[in-house]
Every structure is written in structure tokens, then in C-alpha cells.
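In case you want the letters, here they are:
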Amino acid sequence: MSQEKCLGCQEVTEEDLLLQLDGILDDYVGKPGGLIPALQIAQKLFGYLPKSAIKLISKKLSIAYSEVTGVISFYSFFSTVPRGKYMVRVCLGTACYVRGGKEVLSSLQKELEIGVGGTTGDGLFSLDIGRCFGACGLAPVLMVNDDIHQRVKAEKVKELIEFYRDLELTKIKEKAG
Amino acid sequence: MISLTINNLKIEVPEGTTLLEAAKKIGVNIPTLCNFEGREAIGACRVCVVEVEGARTLVASCATPVSEGMKVYTNSKRVRDARKTVVELLLSEHNGECKTCDRNNDCELQSLAYQMGIEEIGLIGETARQHIDKTTPALIRDNGKCIKCRRCVAACNEIQSVGALFPQGRGFDSVIGPAFMLDLDTVACVQCGQCVAVCPVGAITERSHIDDVWKALDDPNKLVVVQTAPAIRAALGECFGYEPGTLVTGKMVTALRQLGFDKVFDTNFAADLTIIEEGTELLVRLKEKIVEGKKVALPQFTSCSPGWINFTEYFYPEYLDNLSSCKSPQQMFGALAKSYYAEMMCKDIDEIVVVSIMPCTAKKYECQRDEMNSSGIQDVDYVLTTRELGKMIKQAGIDFKSLPDSKMDSPLGLSSGAADIFANTGGVMEAAIRTVYEIVTGRELPTENLHIDAIMGLDGVKRASLKIEGTLPEWSFLEGVELKAGVAHGLGNSRKIFQAIENGEEFHFIEVMTCPGGCIGGGGQPRHTDDSVRLKRIAAIYAEDEGKQLRKSHENPDIQRLYERFLGKPLSETSHHLLHTHYHQKPVC
Ligand code: SF4
Ligand code: SF4
Ligand code: SF4
Ligand code: FES
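For the record, the sequence lines run as chains C and Z.
With my numbering, letter number 140 in the first sequence gets 140, and the count goes up by one each step, no holes.
For my numbering, count along the second sequence from 1 and bump the result up by 1000.
A few of these clues could be false.
Each pair of labels, with its calculated beta carbon distance range [said to hold, decoys possible]:
1) C/24 / Z/1585: 26 to 34 Å
2) C/32 / Z/1474: 51 to 59 Å
3) Z/1370 / C/24: 35 to 43 Å
4) Z/1134 / C/102: 32 to 40 Å
5) C/98 / Z/1395: 37 to 45 Å
6) Z/1104 / C/24: 21 to 29 Å
7) Z/1172 / C/155: 18 to 26 Å
8) Z/1172 / C/171: 38 to 46 Å
9) Z/1395 / C/24: 56 to 64 Å
10) C/32 / Z/1395: 50 to 58 Å
11) C/74 / Z/1262: 48 to 56 Å
12) Z/1130 / C/131: 22 to 30 Å
13) C/169 / Z/1585: 38 to 46 Å
14) C/102 / Z/1531: 49 to 57 Å
No lab work stands behind these hints: they were computed from the structure.
Nothing here was measured: the structure is a model prediction, and the numbers come from that model.
Even for Gly, the Cβ is constructed at its ideal location relative to N, Cα and C.
Here chain Z stands alone, though its shape is the one from the complex (with noise of 0.2 Å):
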């Protein structure tokens, strides 16, 4: 341990630690911008710069370890008029006005020029040249308002090893983007928007729907449903204040139906549905292999997640036989709400208007795909991220903390506990081996809550096996073995999967998501998510799940009458029409 005192405080620390990090713990916040949780510090924006005693120039606290005996001041005249003159600087050459910035009041430099007082910007510079890249589905992106931080480049090439985002060029001219300063549809890009998540300052956004979604809520003529994926209720409060980690679904349905929407569905009803298909589909790939001898791809990956499917498509094209043939729980509402619920409303298609609240920039993508547009015509209208659904209530003059609490619409709005997982890492693992397991042994699955624990938690990759023993006749071909799960989350980590295949281990089935943490950590998600945010809305979906006396996707009654009434039964010619899709190569660039 090494002890030093900050601001005259004492304070023991491990050795290795950063002054940053030793004066969080007893509570000095320090103004940072380039810092980023996960990367090495580059130094670069000098915000966090602190006085050392006895060193001549004040160090970056972000990027200095502690000493023995060390003297540090974090608020000294020094300090401040260094910080005050860095963020001058970062504003005498941003090209952006806040009144008009997707980021006002959620931006970290604005916050800062508040915080250091800064009442005028005395420094006149060359402004950053403006260049709005509007090419792709999900993300806007403004060089004129970047600071270059570089913490979208650790994101999508350190987190999500895709490398879409590098600096280019050198000095004041330099920009940081696509390869030749071009834009985003000239890369390849999976659209996560990891980089919208961490960008402190309006550089890159998600491409917002809120004026589509306003003005299908003011046509007379149209039934708007809305969906919400399981990822929103444990952080929607954040919007409004609330701690990460508090649960809001009750507040989260009522202001959706004073918003105007004509049925509040859930995302994870449609989430109880893809176990329903997609172990179906894995327990035909390992019938096929096992007793028929076929040689079919295996192991089985999900297919919820659009970025990893992008992922796959453009990075591992060898394996696209391997990703289950399920539409995302997103794109089977979509389907089902403009025919299923259609028919049942005596509606033409193009009537209801389908709108999802998602934690997810790539949803935006997903729903123009060429491949969602089942039911006719585009299942899904808009898509509308956390944050987005935040400012719309906030726009509409609700007072979310008072609301009362209220339940989801029938017949798409009912789910189990196992949906409510499908938002974090290992969640949609554990959602299909608690049915799996339960179909092929006619029990429940043996373990304590009918939790995993293997595959629960932060680690980047996680393994479980599951010895099947007891099987039903018609199983018998598994009896005895042993169910090999992988689980991944951060595309970065999916790499490692790939790499473990490739040297020959052993998976049935495994679950790739995106982003850190799951959905609950996705790039649409309210900022600043780090991990100890991310483990707070984790514990939130899990208290939701274990809240229900539902637990099991199978046991979902309104699951169970759409396959009587509609589907017939899993994999049936109904659900291959509209509930699963096929993928294709994409060119890297």
C-alpha cells in the first residue's frame, strides 16, 4: 500500500493506483475528458491536471500513479486556471452551438465550461472544420464538435475490435474517423454505437426518429403500437435522475401511454418467443448431427444482437450458417404486431404503425434491413433509444418521477422472467437452457434460482457445461451429454470465441451481445455507463426476472396461444415466414 495525502487528506492506496482513481475514493471528483475505463491513459486532453508538491509542472492525475508520501492538491489557483484555459482552448476552436446540440445538458464539455466558470472565451481560433456525415443508418456524426479524445477509437477498435474509427491526418487538421477522412458507409462499421456512448461531446449521435414518432402519434388514422426491449426499464430512470440499477417498467408504461401510443407492448414477449424458436432450432441441429449423422453447423450462435450480426457478416463470413436463423425479438414483434395482431384488430397493414424503444443504435439499422419487411411491407417503423424516449417524455411535459405505475397491453405484452434476462450478458444463454433442459428432461432445470452462475457476471468470456441426464424418449440421443455454452459480450470478446473454435474446443451453443454488459450497457443507452453502472442495471433485470412467478419462456400462456392460434407449432412454415431470416457477406471495405 502507498499513503499519501490529497488536499491534505490522508489516504492509503494499492501501488499502481492513479491519482485520478485515489481521489475518487474519498470523494474528489476530478474533471476528466480523454480518460476512459478499459484504456490505458493517453494524457492527452490535460482536464484532470493536478499540483504535485515539489514537481515543477502540474501532472495529468489521469496518467500518474501514486508515490509514497506524495503531496497532491486538486483545487489549488494553479489547478484552476490550468484547467480553465484547457477547456478554453477545447472551446475556441468547437464548431457548435449548444442550443441546438443533440448533447445540451448532457454534455461533458458544456458541463465543464460551466464548472470552470467560464463566462466568455477570450482565446479566438481557427474553428474545427464542420462536416455532417449523415450516411448511414444509425449515426450522425459532426467533426466540427469533436475534441478528439480518441474514445470512440478505443471503443470501436480496443472494445469492439472493428477499427471503423482512427485518427487521420496530423495536427490542427487532423480528424478522427473513417479511413481518407470519408464517411462512416465507406467502412465497415456494425452500427453499435459504442462510440455515440462514449463520445463526451455531440460529435457522434444516433440518428434520431422522435419527429417520425411524433407525427405518427398525431395521425388520426394510425394505430401506433410501441415495444420496449428489456434493457429500458432498468435504465430510463437514469433520464430523470433516478440511481442506475432502479427499476421503472410500471412509471415506463404509463408515461408511454400519455405519450399517445395506442398499445404498450413488450419487447419481451417476442423475447419468450425466440427461446421458443431458437431452441427448437438447436435441438433439430443436434438431432440432425447426433441421429441422422448430418453435417450441420454447429455450434448454434443467437441472433438477437444486429451488431454482432453485422459483426459476423462482414468479419466471419465462414460462420453465417452457424448464427440461428432467428429474427431478433425486435423484428419477430414487428412481424407478428402487422400480422397476428392485424388480423385480430381487423386492420390493414399499413395502418399500424410499429415503433421500438430500444437500448440499441444498431436496431435502427436492423429494421431497414432488406430482409424485415415479413408482414408486406417494413415491420418495424422507428426505432427510438432509451435516451431518445427520455427526451420525448421530457418534450411532452411529464413528470416520470410522479407517475403511477401501470401494466402492458394484452395479447404482445406478457413475458417471463427469462425474457427480462435477455438485456444482460448470459441472459438469453440461461433463457434457452431453462426451456431447453426442461423439454428434453420433462423437469426443471437443477440449479439454484434457475440461475447459471458460470455465465453470469462482467468476465469477457464465460463457459458452462450441463451434463443432460433423465431424457424423455424422443431425447434420448442426448442422454449423457454434455451442453457445452460459451458467452460473450463485447464484439472484442467474440473474437476469442472464434479463436477457441478454431483451435478445436468444443461448443453446442453460444450467445453473443454487442456490447459490454449486454443490452443493458448498448449505445443507446442513458450516459455514462461504466461498469459499476452496468452491474446496477444488471441486478435491476435480474430482481425483475426473480419478481415473476413466470419464469420459463414455455410456461408464457400468451406464447402458448399464439402457436394455437397462429403459429401452429415452432418452426412451423407460418414461423419461418415470419419469424426467422438469413444473412450474407459484406465486403470490408
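Next comes chain C alone, as it looks inside the complex (with noise of 0.2 Å):
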């Protein structure tokens, strides 16, 4: 009998992961239109696309390397570098464009010290730019998951960032007891 392993507890592994990947794809091997479900699976184990995920999805699947980056590059849903806790989308919309969007972004950028598309080295953060959410009167807006965050000022992008750093540090805090 093979052994089931408690995930919960422990670091889970790459290997690990890739071991799971490997037995759910069994369901899609030479089925027609099995690729974007197997990458969309991929990124929910792995919480993005690591190359080693890719690799085995085009060998498993029979489909091209090429062609499954090819796929993954044409949705802005998949993401082939970790994505951090806490994903920041700067609406760069006619609207919040104008009204300061890309000094936001840049403030971002300088806070965060990545540029569009990188996540901060304690996986914190992600930064993105986004299409319109909607709130054009309240330019310029900016997400950070869930939350719209309206009317942002370039010089508060530092408070804003710190806000969800101690947040995270309460949580932690929280979980040590």
C-alpha cells in the first residue's frame, strides 16, 4: 500500500507537488482540450507556473514546450514567476493615467524595489498593472487583492504598503500564539 503523506504539517516540496501534479494529469493525458484545465490546476498547486510544471504538462499532455509557454504568455491569468500574499494591480486606465497612475506605479515600483510583473524577495508582494475596475471617478485606483484602494497619492503608496506589512506581522504574531 502506498503511503499517504500529511501535507499539512510540513514544507511542502516541489517534488512533492510535482509527484500530485503528475497523478492529476493522468485524467488528462490525450484528452482534446485538456491544457488550459491541467495549467490552471498547476497554478492553484504551485501558485504559479514553475518550469518544471510546464515541462511536465507538455510532456505528459504531448504537447510542444513552445506551444504550452505559447498558451500560457497569451493569458494575463497565468503567471510563470511566484506571485506574493498580497497582489497589487495599478489601474494604468485613460482615467487613473492621467490623474497619476503612473506615479503611482513608480513610487510602487521604488517602495517595492521590483518592477511590473516581479514579486518582492519575502514573497509579500506581487506588483501588475491592470485594466479598468470601474471606479474611474475615484482615479487614480489601485487593487491589492480584493481591496480598491481610491484617489491614491503617489507619496502614500509607502503608508499603504506598510498597512499590509504589519498586518502580515500581526498574523504571524497571531499564529505563534
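Mind assembling these two chains? They're in different frames, but the hints should get you there.
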């Protein structure tokens, strides 16, 4: 009998996840249209799409590696770099753009020391550009995960980021009891 | 049948014909860019638009089937204006300089611009970002010139089933290329150059060796010998305006001499040698299996086509033992030129430069493989494609059409008709059977004209079986055996053969050529190659074969002399050292 491993209380390694993915992919082998669901599953499992997972998918589904990455790059939903715990999206729609969105973005880049599409070294924040969030009247707008922040000023960005950093610290402290 | 009119001319065509095809039938040419034989139309470029009476908008003729009573106009003002705009748009984002481009004078976009009478590009847009990828031995890719027609994607994926090139990303920033927009050396690419052959512009080209060859020719201390692959003589003429399928063997030899090559030899000579070595290898494998009951890898696969070798190393490593250990004719030639011939001429091997003229880009890769240094240094120094040779002849100011014929030099220049047919699909197999059958039975292959009809022509996968009867005593173990041959061309078709083997079908010998049609349709041949061109070149090759007295490899007197004086016998130690090789698995990504 194969030994069921409890993954709840220990660090899950990439190998464990690959093994898991390998098992799940069995259901998609030889099925047309299986690529997108397979990529979604892998992204959910890893939080992003590491090369190892892409290679595994390419091999198991017999779809060329370049074709798989072509599909991945077509959908902004997929990410090939690890995503931070907090996804920061700055709207650069026309209204936000003219009302300082661009400055907000550059001060975020400075504060987080990452570029668009990047993730901070501590894995807390990822930065991306968003399309219109439908709140043009309150531009410029940015989103942190599901929270919308309106009329953001470039000078206030530091404060905002500090808020999430503190939030995270509190959570860790709570966990430690 | 459907009847319609095109430019008021009546025409009847079968249902399902596209407007583009119908127009071609009555001599009306419609320009195209993204259209590609063998792939369903994607209707992306819109250069082929035509006007259909009653339709609101112009339609893409490559993607529109005919329908009853249609009235089509291919040259109205509306059509001309629309096409002109499309080409102007393409030019406005095109990042290339015709004057210095490899495709200058041989570019579909450039000639469309000329045809449309575009004298100025009114639209100014952002140009494509240039990134030049020089990471592989055979190919150069330049994204700035890519018009995203995706012909290369169809060639690489649908025809070759390699899948190195795909659209990456979306919108204006998308590129056609390997995974993650990285360079070609980060993915499995077999270097076949089918992408190069179909690209309408200068976005993918072969890595040129022209300058290196001029340098060697200009060096008085070098003896520069050239070998020409079987497929060149049936295609080189196209570079000079001859019809496809015009044989120019004699003019080609004269041109090579005028370019300054010291000796003009023939890869065909080495093709004859390949038949002796590879045929013997097959017989040994069969004997080991049938008589000695050994576990040997059968069927044996041909190994002349470096793209196919790459393909097996990447995708079917479990079959590496099935590949014949014979080097390709190009590499056999190189090894002999820098051993047998060098000794004969009392030359040091580094005084000899070996140049190959090949229909193939993968040969540029092959000559740089680690195993291809049997003489002590790189056996083949430079490889020119047919197109590159055409360019050099023009650079030298040689009037090709007015050249007299001349003959190849000895002792590496004489070849049989069996060697000629190495150029096309089915040819290596036929050449091998001509010799193997005669070795085993002592009689000539009893087929009409020495041909094996079942493996001729352009079907993707072909099969033939031949009952062996009346064997000589030494080969009595083959008495009554049905020799089963399989032939595939275009790597996608080779997968079908692998599938058949895995389904339990029995084969003894399998020929695979990387490119559709075989070498005559190689990635280094004059553009543009479609099936009609392939068939013409193949017909020329068979004519060359049939025109010779000498039709069988083992009857080539210079090959017999080579064995007497130098190699000893087939599969001898010297043969193994110089003419055979080994393969290794490669990671796919
Ligand atoms: S690809 Fe064609 S149009 Fe572009 S620079 Fe080269 S020759 Fe000119
Ligand atoms: S050389 Fe062949 S395998 Fe490589 S990208 Fe071009 S078509 Fe694909
Ligand atoms: S590289 Fe050439 S064939 Fe491929 S999409 Fe670009 S222009 Fe078309
Ligand atoms: S050739 Fe018809 S749309 Fe490109």
C-alpha cells in the first residue's frame, strides 16, 4: 500500500507537488482541450507555473513546450513567476493614467524594489498593471488582492504598503500564539 | 462542379475549391503571404482579398470557398487599394533594411511592395522590436523582420511535429518563436530549416558560410575541395531562372571550378559508399537475428538525414540502436577527403578544406557535431546551401546559363544512378535494395527499370515488401523471407512509422528523410517549394539515374578501388573508424 503523506504540517517541496500534479494529469492525457484546465490546476497547486510544472505538462499531454508557453503567455491569468501574498494591481486606464496612475506605479516600484510582473524577495508583494476597475470617478485606483484603494497619491504609497506589512506581522504573531 | 466568374471569365471547379485556387487555374494570380500549402487557411494577412459581387466587405480569397454563380473581381480599385493598405501596414511596423537583407531580391514582402507600386510608406507606426538569435549552428532568426504569418509554425509543428516555434504573448508585443520568447537553443529544434524554406521574408535564414568559403578559396596554401549533394543538380538552376526540375549537373561543375575550387567531387560517391556499408550492416543484423538468435535492433533506420538523427535523439531515444551506425554521405566524404585523399595527394590534413554544397541547413549543424572529427580535425569545414551557392556564383559574375558542361574529378567524383536517387524520398531504400538483393541472390533486382514503384511518389508513408528467393548459399537463411521496407518523409510522418512499429507491424529497414519530398525539398533549396516543384525535381533525379550506365552502388569502380586500396572490406576497422558513428539522447527542454 502506498503511504499517504500528510502535507498539512510540513514544508511542501516542489517534488511533492510535481508528484501530485503528475497524478492529476493522468485524467487529461489524450483528451483534447485538456491544456488550459491542466495549467489552471498546476497554477493553483504551485501558486504560479514553475518551469518544472510546464515541462511536465508538455511531456504528459504531448504538447510541444513552445506551444504550452505560447498559451501561458496569451492569458495574463497565468504567471510563470511566484506570486506574492498580496497582488498589487495599479490601474493604468485613461482616467487613472492622467490623474497620476503612472506616478503611483513608479513610487510602488521604488518602495517594493521590483518591476511590473515582479515579486518581492520576501514573497509578500507582486506588482502588476490592471485594466480599468470601473472606478474611474475615483481615479487613480489600485487593488491589493480584493481591496480597492481609491484616489491614491504617490506620496501615500509607502503608508499603504506598511499597512499590509503590519497586517502580515500581526498574523504571524497570532499564529505563534 | 460549381460555376462562377472571375474577372468576367467563366470557370467550373469542384466544390470546396477556394477562390485563390480557382483563380490560379485560369492564370489569375492573387498575392498571398500567410497562405501555406497543406495548412488550412488562417486568413490572417488579408493580402489576398478580392471583391465578390453582392458581398458587403472584401473577402480573403485563400479562406473563401467558391459558390454557385459567384462573380469575383480580383483587380478592382477597391481590391487594389485594400491590398496596398495591408502591405503599407506591414511595412510600417517592419524593422528591416532591404539593402543589407539576406532576402533582398528574394522576399515576398518586398516584391509585394513593388507590385503594389508603393513608393512611400505613409503610415508611421511603432516598429517591431529587433532581436537577433544566433544561438544555433544552422539558423539565424530576426524578430524585427517577422510579419507573423505563422508559416514557420505550420512547418515546424504540423509538418515536422517538432513544435519549436509558436506565437508567444499577445497583440503587438507577441512574437513567433521558442518558449518564453527565448532563443532557439533553449528548446528542441532539429535544425531542418523548413521554417527557413517557408518564411516569406528575412526573419529566419540559414547561417551563411559564404565569407568563410571565399576566405579559404583565396588562401593559396589550402587545397579546397567541394562535394555536391545529389539534390543540388535538380534545383540550382532555379536560382538562375530555369524551370524547376531542370538538371544542371554539368554547368554546376563548371561553375564550381570557375569559383576556384581545386577539385570538384561528388557527395554521390559517398552515397554509393553508404549503400555498401549500410547494406552490409543490415545483412549482418539480419544474420545475427535469424541465424544466431541474438537480440539485435531491427528494423534498421537510415541515418543520412541529420534532422532525423536529431529528431530521434530528442523524441525517440529508445530507438537509437535502430539507427544505422553509418555516417551520412556528407560526413563519409569529409572523413575520406582528409584521410584517403590527403594521403594520395601527400597533403597534411590541415592543408585541405572540405566544402559541401547541401540542400539542407541541418548539414551545417551536422558537420560541427563532436563525433565528426574522424580524420583528427573537423572533417567537413563549411556547408553552403543551394541558395548560398547560387549567390556565390552571382557574386563571382559568372553567367551560369552560358556555361559549358564539365565532369566531376576523380577519385571521389564517380557515382551510380543509385546515388542520385538519395535526393528524394524512397531513393535511399531503392538504392539499398538494388545492392542488397544482388548480394544475396547474385541476380539483378527483377523490377522494371530497377525501380520499386510502391515507395516512389509523395505519399507521406510508403511500404514495400519483396520476397527473397533463390539465395546464394551464404545467404540461405534469407530464403523465402519477405523483406519489409517502410519509407517516410517529413518528420511528422516518421511518427506514424513509430506508431506502426509499436502496434506490432514488422519492418526490416526504414528510410526517413527529414524534409517533405526528401532532400530535393530541403530547407536550403531555392524558394518556393511546393508539391508541384517537388515532383518536378524528383522527375529530374530519376532521369539522371536512368540516364546512367552505372545504376548500382556496388558496381562503382572507384568504390571498389577504395576498398581494395584503403578500407579493406565493408565494416572493416578502418571503415568503422572513418565511416561510422554513434548517437546520444538529448533532453527535449
Ligand atoms: S525581409 Fe524583405 S522587406 Fe524586410 S528587409 Fe528583408 S528584403 Fe526587405
Ligand atoms: S529548423 Fe526545423 S525544427 Fe527548428 S524551428 Fe525550424 S522547422 Fe522547427
Ligand atoms: S518567422 Fe517568417 S514564417 Fe515565421 S511567422 Fe515570421 S515571417 Fe512568418
Ligand atoms: S494569404 Fe489569404 S489572408 Fe493571408
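Now the hints, each set against the structure:
For residue 24 of chain C paired with residue 1585 of chain Z, a C-beta distance near 28 Å keeps the hint of 26 to 34 Å intact. Remark: the range hint 51 to 59 Å for residue 32 of chain C to residue 1474 of chain Z is upheld by a beta-carbon distance near 54 Å. Remark: the range hint 35 to 43 Å for residue 1370 of chain Z to residue 24 of chain C is upheld by a beta-carbon distance near 40 Å. Between residue 1134 of chain Z and residue 102 of chain C the Cβ separation comes to about 37 Å, which falls inside the hinted range of 32 to 40 Å.
The supplied range of 37 to 45 Å is broken by residue 98 of chain C and residue 1395 of chain Z, whose beta-carbon atoms lie about 57 Å from each other. Look at residue 1104 of chain Z against residue 24 of chain C: about 52 Å separates their beta carbons, and that is not inside 21 to 29 Å. Between residue 1172 of chain Z and residue 155 of chain C, the C-beta spacing of about 34 Å breaks the proposed range 18 to 26 Å. Against the hinted window of 38 to 46 Å, the Cβ-Cβ separation of residue 1172 of chain Z and residue 171 of chain C comes to about 42 Å, which satisfies the hint.
Look at residue 1395 of chain Z against residue 24 of chain C: about 59 Å separates their beta carbons, and that is inside 56 to 64 Å. Checked against the given bound of 50 to 58 Å, the beta carbons of residue 32 of chain C and residue 1395 of chain Z, roughly 51 Å apart, stay inside it. Distance hint check: the CB atoms of residue 74 of chain C and residue 1262 of chain Z are about 55 Å apart, consistent with the given range 48 to 56 Å. Distance hint check for residue 1130 of chain Z and residue 131 of chain C: the Cβ-Cβ separation is about 28 Å, which falls inside the suggested range of 22 to 30 Å.
For residue 169 of chain C paired with residue 1585 of chain Z, a C-beta distance near 51 Å fails the hint of 38 to 46 Å. For residue 102 of chain C and residue 1531 of chain Z, the Cβ-Cβ distance of about 55 Å falls inside the hinted range of 49 to 57 Å, so the restraint holds.
When held up to the earlier numbered hints, the structure conflicts with 5, 6, 7, 13 and fits the remainder.
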